[in-house]
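Asks: Sequence:
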Amino acid sequence: MEKNVVAVIGPQSSGIGHAISQVVNELHVPLLSFAATDPTLSASEYPYFLRTTTSDYFQMNAVASIVDYYQWKRVTAVYIDDEYGRGGVSALGDALALKRAQVSYKATIPPNSNTDVIRDVLFKANMMESRVMVVHVNPDTGLRVFSAAKKLQMMASGYVWIVTDWLAAVLDSSASRNPKYMSNIQGVIVLRQHTPDSDAKNKFISRWNNVARNRSMTPGLNSYGFYAYDSVWAVARSVDQFLNAGNQINFSTDPRLHDPNGTTLRLSTLKIFDGGDQMLQQLLLTNFTGLTGAVKFDSGGNLLHPAYDILNVGRSGTHLIGYWSNYSGLSVAAPEILYQMSPNASTSTHQLNSVVWPGDSTDIPRGWVFPNDGQPLRVGVPVKPSFKALVSGSTPDSVRGYCIDVFKSAIKLLPYPVPYQFIPIGDGTKNPSYVSIVGMVASNTLDAAVGDFAIVRNGTRLAEYTQPYIDSGLVIVAPVKHITSSAWAFLKPFTWEMWFITGALFILVGIVVWLLEHRSNPEFRGPPCNQVITIFWFSFSTMFFSHQENTRTALGRFVLIIWMFVVLIITSSYTASLTSILTVQQLATGITGLDSLISSSLPIGYQTGKFTKKYLMLNLNVPESRLVQLNTIEEYADALNRGPKNGGVAAIIDEKPYIDIFLSHYCNFKIVGQQFTREGWGFVCSSPFILFCDLFFF
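For the sequence shown, counting from 1, position 458 maps to 459 in the working numbering; every step adds exactly one.
Be a bit skeptical, because a hint or two may be false.
What the hints assert, rightly or not - Taking CB as the label site, the calculated pair distances span:
1. S45 - F289: 35 to 41 Å
2. A237 - Q341: 55 to 61 Å
3. L415 - K107: 48 to 54 Å
4. P377 - G16: 41 to 47 Å
5. P377 - K671: 41 to 47 Å
Stated by the list, open to error - Using 25 Å as the maximum straight-line C-alpha spacing, the simulated DSS-like pairs for lysine-lysine come out as follows:
6. K107 - K152
7. K493 - K614
8. K431 - K615
9. K614 - K657
10. K431 - K614
11. K614 - K646
12. K125 - K389
13. K671 - K615
14. K389 - K431
15. K151 - K431
16. K671 - K657
17. K297 - K272
18. K202 - K181
19. K125 - K107
20. K646 - K389
21. K125 - K151
22. K671 - K482
Hints in this document: simulated from the structure, not taken from any laboratory. This one's a predicted model, so the numbers in the text were calculated from it and none came from an experiment. Quick reminder that beta carbons are idealized off the backbone N, C-alpha and C, glycines included.
Please model the complete structure; the sequences and the hints are all you need to start from.
Replies: What follows is the structure, encoded as structure tokens:
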């Protein structure tokens, strides 16, 4: 940097890249790095930094996609403790979090560690439950990692090793591969920066091999060599365009750069490139096809279209099993082919070819085992004062119920033993908060939770649920009035007022018809006593349409037709009402469904600790003042019996399994309306915990 420099190509490590980036920022000199992959090196912090290789941010997204493809949830990160290692593992954690997975253990290897230190680090990692190892180290350390892993029998069946691109660089750079070393890495998955095949690339490799042979050099050439070659061409093109644009290469001194007393840094010899901004803009506009494909930068100073080859190391060497790109995710088709199609990042389209895993196994490893610390699975169980048919028991040994039976039966189906211990949660006098229990699982205070846990949206944001083992949903239960039958039950369809009006109408119609008919109709004549009898007989016989007197006048017939229509309505209404009274229970509060309940101002009961309260408040906009919490079946019955006027509730909203149990004890209540939510009950496990995957996530 003491000389007049317009651009810097390099360095070959992320640690040195951090130091040089600060210097070139002060000197306004663009830095093109073909090997510094640390994602914390970015243009946002170092404006003059351009990455002419692929950032580990994308590589760790590729690793996360592989982990998600095989449905693993926890990984162990084996990494070197420097900027390169820490930056990569941080990006890995972020990428896994988006896939509902996590780095469960970080096996940190200090720089320049000897074999004994590496073996101790791997031994501790082997004590953890995860068997998915992601190795992100430098080549020298990486070779010793696999040598130590082989001695610790960690390259056996059941293990998964995913290695970042350092291993591919080592393998591609070697003229001949050491059989002993190759035996140490059998079954690992390796990532390699994808460089598409082209005539220019093949010609360059041929020329490189000729030069290496003539100079007795190692002919191996890895992807970093291709990126270095393209970096040189990018600088050459940009300098040419910089000069063609009429710019001049000038430098100036910075008075702030001076040598402190007693130092040998020679800072005073450093000069600022006056055209640094223009040169940087020319580099950002770079657009040509090199050995690595299209060389073009985005606004963040990274190459467009990052992609990786995914390799599997077998006995006969490495085999390509697929690709990853940030354009379309995992695929067996080359990224340059997919770039011509519409993007599709759906996991249903992701695919890889078959893999031979460590131990020469073709079966996909489960990815975890129980940790070697002797701790059983911690299973939380809610302790409630009611609904004991589902879950009951205040001590680990006394836990029982339908939900517990389902869990135990499921555990017995597993092909391997699962030690577990029930942990009762709650004092048994009131319901515990189910959200709090799910939170305990999410925070790893518990490994799982078993019981009547509804699978709701808020819960799935915190933890994983198994497939539902019982259907559920919210329903409304309300009290009903029991009508006892009596000899006078036939009078109940009409009120006394209605009976009086109906009788008066019968007499009135008889009198009207007599007035219209008695002058011309002999059937309505005779002694006064007979005429009175005829009036009553005629009017009441019309109720059964059995009157024998004929009407002869037009007005008489008209009145009779109208009256018979009215009689038909009265008898039909009477019959329907009497049938309802004798056969159907009547709702005591008039609540017929969800709409009538919500629109009223009556109090509503709900079960303490469940999601019902939040659902009513947030989804149905029910004021909290209308909600009454209840704990036991007895409290349910008491609140419904007392009703709104006596400090009770008009109805209770709860999940159907609870209501079915409640109605089996109390028959003077009933479900009204339709079930208005659809969910199920499942067991809860922390998002990285994978035990239930073998049972429920088919």
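Asks: Next step is simple, just say for each hint if it's right about the structure.
Replies: Hints versus structure:
no., hint, verdict
1, S45 - F289: 35 to 41 Å, "violated, 26 Å"
2, A237 - Q341: 55 to 61 Å, "violated, 30 Å"
3, L415 - K107: 48 to 54 Å, "violated, 29 Å"
4, P377 - G16: 41 to 47 Å, "holds, 44 Å"
5, P377 - K671: 41 to 47 Å, "holds, 45 Å"
6, K107 - K152, "holds, 21 Å"
7, K493 - K614, "violated, 41 Å"
8, K431 - K615, "holds, 18 Å"
9, K614 - K657, "holds, 15 Å"
10, K431 - K614, "holds, 16 Å"
11, K614 - K646, "holds, 22 Å"
12, K125 - K389, "violated, 43 Å"
13, K671 - K615, "holds, 24 Å"
14, K389 - K431, "holds, 13 Å"
15, K151 - K431, "violated, 55 Å"
16, K671 - K657, "holds, 12 Å"
17, K297 - K272, "violated, 29 Å"
18, K202 - K181, "violated, 31 Å"
19, K125 - K107, "holds, 10 Å"
20, K646 - K389, "violated, 31 Å"
21, K125 - K151, "holds, 15 Å"
22, K671 - K482, "holds, 10 Å"
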